[in-house]
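Protein chains in written order, with the numbering used here: chain A, 1 to 321; chain V, 1 to 321.
These are calculated hints, taken from the structure and not from any lab test.
Note that the Cβ used here is the ideal one computed from N, Cα and C, for glycine as well.
Careful, some of the hints might be misleading.
[Said to hold, decoys possible] The calculated label-pair distances, taken between Cβ atoms and stated as ranges, are:
no.: 1; chain 1: A; residue 1: Leu271; chain 2: V; residue 2: Gln305; range: 31 to 41 Å
no.: 2; chain 1: A; residue 1: Ile280; chain 2: V; residue 2: Gln305; range: 49 to 59 Å
no.: 3; chain 1: V; residue 1: Thr263; chain 2: A; residue 2: Met109; range: 38 to 48 Å
no.: 4; chain 1: A; residue 1: Phe14; chain 2: V; residue 2: Asp144; range: 29 to 39 Å
no.: 5; chain 1: V; residue 1: Lys300; chain 2: A; residue 2: Glu154; range: 23 to 33 Å
no.: 6; chain 1: V; residue 1: Arg86; chain 2: A; residue 2: Asn297; range: 52 to 62 Å
[To be verified] Here are the computed lysine-lysine pairs in the DSS-like style, where the Cα-Cα straight-line distance is at most 27 Å:
no.: 7; chain 1: V; residue 1: Lys204; chain 2: V; residue 2: Lys92
no.: 8; chain 1: V; residue 1: Lys265; chain 2: A; residue 2: Lys203
no.: 9; chain 1: V; residue 1: Lys261; chain 2: A; residue 2: Lys203
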Amino acid sequence: MSPLVEVKNLRKYFPVIRGFWQRRKEYVKAVEDVSFSIQQGETVGLVGESGCGKTTIGRTILRLIAPTAGEVFFKKRSLFALEDEELRKTRKMMGVVFQDPYTSLNPRMNIQSIVGEPLRTHSNLKGLELQERVVGLLGQVGLKEDTLYRYPHEFSGGQRQRIGIARALALDPEFIVLDEPTSALDVSVQAQVLNLIIELQKKLNLTYLFISHDLIVVNYITDRIMVMYLGRIVETGPANTIFNHPLHPYAKALISAVPIPDVHQQRKEVLLQGNVPSPINVPSGCSFHTRCPEMKNEICKREVPSLKKVDEEHFVACHLV
Amino acid sequence: MREILLEVKELETHFFIYEGIVRTLNKIDLTIYKEETLGIVGETGCGKSVTALSILRLVPSPGKIVGGKIFFEGQNLLKKKKEEMRKIRGSKISMIFQNPTSSLNPVFTVGDQLTAVIKNHQKVSKEEAQKRAIEMFKQVGLPDPRRTLQKYPHELSGGMQQRIMIAAALSCEPSLLIADEPTTALDVTIQAQILNLMEGLKEKLKTSILLITHNLGIIAKICDRVAIMYAGEFVEEASVEEIFENPKHPYSKGLLGSIPKTTQKGELKTIKGTVCDLLNPPSGCRFHARCPSSMEICQKERPGQAKVEKNHFVFCHLYNS
Chain A
1 MSPLVEVKNL
11 RKYFPVIRGF
21 WQRRKEYVKA
31 VEDVSFSIQQ
41 GETVGLVGES
51 GCGKTTIGRT
61 ILRLIAPTAG
71 EVFFKKRSLF
81 ALEDEELRKT
91 RKMMGVVFQD
101 PYTSLNPRMN
111 IQSIVGEPLR
121 THSNLKGLEL
131 QERVVGLLGQ
141 VGLKEDTLYR
151 YPHEFSGGQR
161 QRIGIARALA
171 LDPEFIVLDE
181 PTSALDVSVQ
191 AQVLNLIIEL
201 QKKLNLTYLF
211 ISHDLIVVNY
221 ITDRIMVMYL
231 GRIVETGPAN
241 TIFNHPLHPY
251 AKALISAVPI
261 PDVHQQRKEV
271 LLQGNVPSPI
281 NVPSGCSFHT
291 RCPEMKNEIC
301 KREVPSLKKV
311 DEEHFVACHL
321 V
Chain V
1 MREILLEVKE
11 LETHFFIYEG
21 IVRTLNKIDL
31 TIYKEETLGI
41 VGETGCGKSV
51 TALSILRLVP
61 SPGKIVGGKI
71 FFEGQNLLKK
81 KKEEMRKIRG
91 SKISMIFQNP
101 TSSLNPVFTV
111 GDQLTAVIKN
121 HQKVSKEEAQ
131 KRAIEMFKQV
141 GLPDPRRTLQ
151 KYPHELSGGM
161 QQRIMIAAAL
171 SCEPSLLIAD
181 EPTTALDVTI
191 QAQILNLMEG
201 LKEKLKTSIL
211 LITHNLGIIA
221 KICDRVAIMY
231 AGEFVEEASV
241 EEIFENPKHP
251 YSKGLLGSIP
261 KTTQKGELKT
271 IKGTVCDLLN
281 PPSGCRFHAR
291 CPSSMEICQK
301 ERPGQAKVEK
311 NHFVFCHLYN
321 S
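From just these sequences and the hints, can you work out the full model?
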């Protein structure tokens, strides 16, 4: 079976202009040579610390920002080669839910216009038909009809995120990028939203790319996890394997640092020294070698490790494994 | 019996706004013992931070402490003059805030800010204060303390800034450290470093810590005792083990149930409804409208404290027999 989304050697550099008279041009290497694929109906988690390129990957896949190099195939068609009209048609099949429900909804639009906007752009629905469809969508995310003419500020964080999800569902997409959908929410509200996300997937046969820094949530909701560090994927595999038996030294440290809400399950943590290096001057070789507690070989400083297969679906990019 | 360090009795803090009076803290009682770490957990807007600010008498306008007593080392803080309070803040009780970037002054070097704290509270010369500042920087694990002293906050990363906040807070060896979401703005690996540092320094300086957080994982990791807050009231108070193994209050059960489990999947438990409006709080138990085991009495009377076990208290009519 061919995958729904296939990413090949994706790169995204952001230029930074610096120096006297802005002469020196440098690049923030947000995404560096990333390849992966997502199967139909799967939930894939993308985790890593702030600034590692998670969101950039999410946005480049949707072609919301242009890549520097590489290719993304959606249903076997190269997304970056599509012309405007074709792109618009393809985009109908993809949705996105953003992190901050307070800034991703236009405060001057009421709920009907917000949720109806994709429908007005992509379909011929008008008037009462459009309204009926919007009411249906709101019902799907657990909001009542009387919310139609209200404005975003009248809703709580959880409800706003539901509105964001309704908008993403408007065009019956097959693939949704969820960019930290619950990190602005309280745990009890987060639980409601996570339940909704799972329920919708079952009902509508959706495929998710779930971007988050919260490993407990990612472990809970996804089938497969990809761990990122400084723009590269360092380990990928089934959620349980990654969460319980990570192999890459960074993945080990990251996962051991997560405080587990259970008094009996406390783990021995691997403390990392120092901070994440700047993505402008990425260390040579394995980008983690400057902080790696297990580094022994000189090769780590010289060569970039590639993802190697260690088990069915389990890949690690480390010279030691 | 352990010695009591701080005792809060029937504390009431209200906010007087245009729409009416927000009863943010509704007659709360709280005890902190010497050399313990007490965690306060609760969702956004439940009054965690206001509790901390009330203890230091720093409640911002239009808020006001309208009743109650706060005994610290045997003396009522609410009876102290402004001048006397100023001497206590920073030397006997100090506080670390959520966002280190906004709690450091951007126009002074971190060294100036730290020596200012020391010079304000202790009769020492400038050189002596500098020496102590360097000593503190070493203790919090900042590399190259002498040079760091001359840096401005923007030159340091979030984790380093939080280390400086901790250094400033602990420079006068306070007997109580209030940490209001000290790691919320940080990444997990940095969070682990900071939590470890706080635990180590607590042992060394024999300080009590009041830790405010919404992350139950952090509670499980470093706290001795936990108090759970809901809508301006404490609902349950017990040791960490008791809370996680044997929660009694329906809200505590709901809150713990809504965290994704690391070992099993399946639908998350949720608490129905949304947090009550503190402007018009419901009568009786503030949780009754959302409580799955609500009774008639819950709507009328505010539940008193019931003792479930030694050092395990719950405010719920179900246990008030």
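Taking the hints in turn, this is what the structure says about them:
1. A:Leu271 - V:Gln305: 31 to 41 Å: 40 Å, holds
2. A:Ile280 - V:Gln305: 49 to 59 Å: 57 Å, holds
3. V:Thr263 - A:Met109: 38 to 48 Å: Holds - the Cβ-Cβ distance for threonine 263 (chain V) and methionine 109 (chain A), about 43 Å, lies within 38 to 48 Å.
4. A:Phe14 - V:Asp144: 29 to 39 Å: For phenylalanine 14 (chain A) and aspartate 144 (chain V) the Cβ distance comes to about 30 Å; the hint holds.
5. V:Lys300 - A:Glu154: 23 to 33 Å: With a Cβ separation near 31 Å, lysine 300 (chain V) and glutamate 154 (chain A) satisfy 23 to 33 Å, so the hint holds.
6. V:Arg86 - A:Asn297: 52 to 62 Å: 57 Å, holds
7. V:Lys204 - V:Lys92: 16 Å, holds
8. V:Lys265 - A:Lys203: 18 Å, holds
9. V:Lys261 - A:Lys203: Cα-Cα ~23 Å, so holds.
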